[in-house]
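Based on these hints, arrange chain B on the given structure of chain A.
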Amino acid sequence: MHKSIVCFPLSWPRALPGTLVLLALLLALALVPGARAQLTIEITGAGANQSPIAIVPFAGEDRLAQALTPVISANLQRSGLFRMIDSKDVTPLPSQPSEVRFPEFARRGADSVVIGSASTLPDGRVEVRFRLMDVGRQTQLAGFSYTVTPNQLRLTAHRISDAIFERLTGDVGVFSTKITYVERQGNRFELKIADADGSNAVAMFTSTEPIISPAWSPDGTRLAYVSFERKKPIIYVQSLVSGSRIVLANFRGSNSAPSWSPDGNRLAVVLTRDGPSQIYLIDADGSNVQRITKSSAIDTEPAFTPDGRFLLFTSDRGGSPQIYRLPVTGGEPERLTFEGTYNVSPRPSADGRGFTFIQRSGGRFNVAVQDFGTRQVQVLTDTALDESPSFAPNSRIILYATEVKGRGILAAVSSDGRVRQRLSAGASDVREPAWGPLLKAQ
Amino acid sequence: MLLAAALSGCSSTPDTTEQPGATIENRDIGGVQGAKPVPGIKDPLVQKPVGQPEISSRPLTPDTSPAGALPSVLRDPKSMLSRRSVYFEYDSNAVRDEFRPMIQAHARFLLDNPKFRVTIQGNTDERGSREYNLALGQRRADSVRQSMAVLGVTERQMEPVSLGEERPRATGGDEASLAENRRADIVYDGEDKPPVGK
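Heads up: the sequence lines are chains A and B, in that order.
Numbered according to this note's numbering, the first sequence spans residues 242 to 683.
Numbered according to this note's numbering, the second sequence spans residues 2 to 199.
Chain A on its own, in the form it takes in the complex (with noise of 0.2 Å):
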């Protein structure tokens, strides 16, 4: 059972072409409808540059089960890059570009104005559409049509304020992707996939013994993780479609640190059926097991450069734990990371560019980035308990755990160290965040 956002592209000012563009919505599908659990987020910290941004309440919104444009607002706020200006006293409000008084807006300080409406269909579905104007040249930036199920309607949001900011800042946007953490209650630990902006949190996984290391497959229809439900680490692989489950690893010993292959078929993992943590290579399906690093130290946190070719990972081989890179056919590892004594949790970008790592230095553990080419280290929290760092899919966030007054919450960082966010959970403890992957149209 597949649901679908049809999405037409609005030109300015005629009808809609016919092209049609099907987004498999596979997170959709077939999950427990659990305990409408939400984490809250504040932020701190502002961009370089804020783009002073209107958005008008759409027409008809107040009419539907989920209005869109608070979620917009909200997703744009958060981002750190854009400026919201008021405009719900504008009268009337526009939905059409024809009725549009940019001089208004101009006035307001907007630099930019979303206009937009909804409307329920016979048959229970909702249009909506909505377009970006810029204010100084009284034109249309971008626009798009979707013709969705009630139940869509906070991912159309989500779509709609990727349009807006990738149209605006150039850069991807993330607001409709997925992470996924562990969240621990007393006993009861949960693996979790929520929105990006922590809403929807639906629990996949729910054991009584601890869960770790959740890593998102390249298509993000797939989770691997470590459960201790049998009394020692075992990693599992999970299909988030039927929720079904297999055991990818359970040799004598230890199996964590799962980290796929960027093509989905296999993974780094961290075994210890031969004595030391090793890191070896499987099959997604559990086969063709093949040790990669042959050293008697600890070496762990496998994670795969985005062309596939290397692996990054922690080494205490020299004494104390640092980050190497090693190719995934073989060879001598290099070492990359030179500062202080404790350099783990490597994480590489998906741009290529570098990675993010936990560094600790005077007893504190901070989330640093490191750049391959030039090899500098810009350290970009001031807590004191940071792990498990992970980058958003388009390079700009990242995304880790920390603890403050003993509790465990959530928190991201842009990775110019200018914004920066906390996600917790009410009384619970949060941990072991990942940030999911793009979800590409088709």
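Treat the hints loosely; a few may be bogus.
Some chain A residues well away from chain B (every beta-carbon gap over 12 Å; in silico) [as the list claims (entries may be wrong)]:
1) Pro338
2) Glu345
3) Arg349
4) Glu407
5) Leu409
6) Pro459
7) Val467
8) Glu542
9) Pro543
10) Gly549
11) Arg550
12) Ser561
13) Asp612
14) Glu644
Label pairs and their in silico Cβ distance ranges [unchecked claim]:
15) B:Tyr91 with A:Arg648: 17 to 27 Å
16) B:Asp175 with A:Thr281: 48 to 58 Å
17) A:Pro391 with B:Asp175: 50 to 60 Å
18) B:Gly153 with A:Thr281: 50 to 60 Å
For the record, the hints were derived by calculation from the structure and aren't laboratory data.
These numbers were taken from a predicted model, which means no experiment stands behind them.
Note that CB positions come from ideal geometry on N, CA and C, so glycine has one too.
Showing chain B alone in chain A's frame:
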């Protein structure tokens, strides 16, 4: 799906005083039974010199299956076999001499009772990368395995695994709690948990 028991969650507070090279207070590991002889009960194990595994034990009848009730001697506070925890210094996986009598007792039991298996669970304290800590815990479990292997116990009867930082026994941020978590436990197959208290 599995539901929760009402146990309180773990929390930890940053301890910025533990740096590499910090001295560990030399103490009787709190509450370890058998470290002092119980008055009135002669426990020959405690006085035996290191390296003399002359432990009297009775082999159990062959049809005592591990899946059934485990022999009570494994949980008898008067027996060395109820002691299950090896503690480690900061950043170390060396097995200290004080734990050798206990390890010898378990090795003897396993050699005499080939149907029994143990899992050796390594643990670490909570700071730093979870996966790196998982590997550190594995090293500790493997050290205990190695100590039993030199006494003749084979891999068939022992599996070293790691719980890393995920199942701490102590949740304070003080030095005593951190030390409590730097630990490997010997757990017999069929047991849910080793007897705590230690």
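Hint by hint, here is what the structure shows:
no., hint, verdict
1, Pro338, "holds (51 Å)"
2, Glu345, "holds (53 Å)"
3, Arg349, "holds (46 Å)"
4, Glu407, "holds (34 Å)"
5, Leu409, "holds (37 Å)"
6, Pro459, "holds (21 Å)"
7, Val467, "violated (8 Å)"
8, Glu542, "violated (5 Å)"
9, Pro543, "violated (10 Å)"
10, Gly549, "holds (21 Å)"
11, Arg550, "holds (22 Å)"
12, Ser561, "violated (9 Å)"
13, Asp612, "holds (22 Å)"
14, Glu644, "violated (8 Å)"
15, B:Tyr91 with A:Arg648: 17 to 27 Å, "holds (26 Å)"
16, B:Asp175 with A:Thr281: 48 to 58 Å, "violated (32 Å)"
17, A:Pro391 with B:Asp175: 50 to 60 Å, "holds (54 Å)"
18, B:Gly153 with A:Thr281: 50 to 60 Å, "holds (58 Å)"
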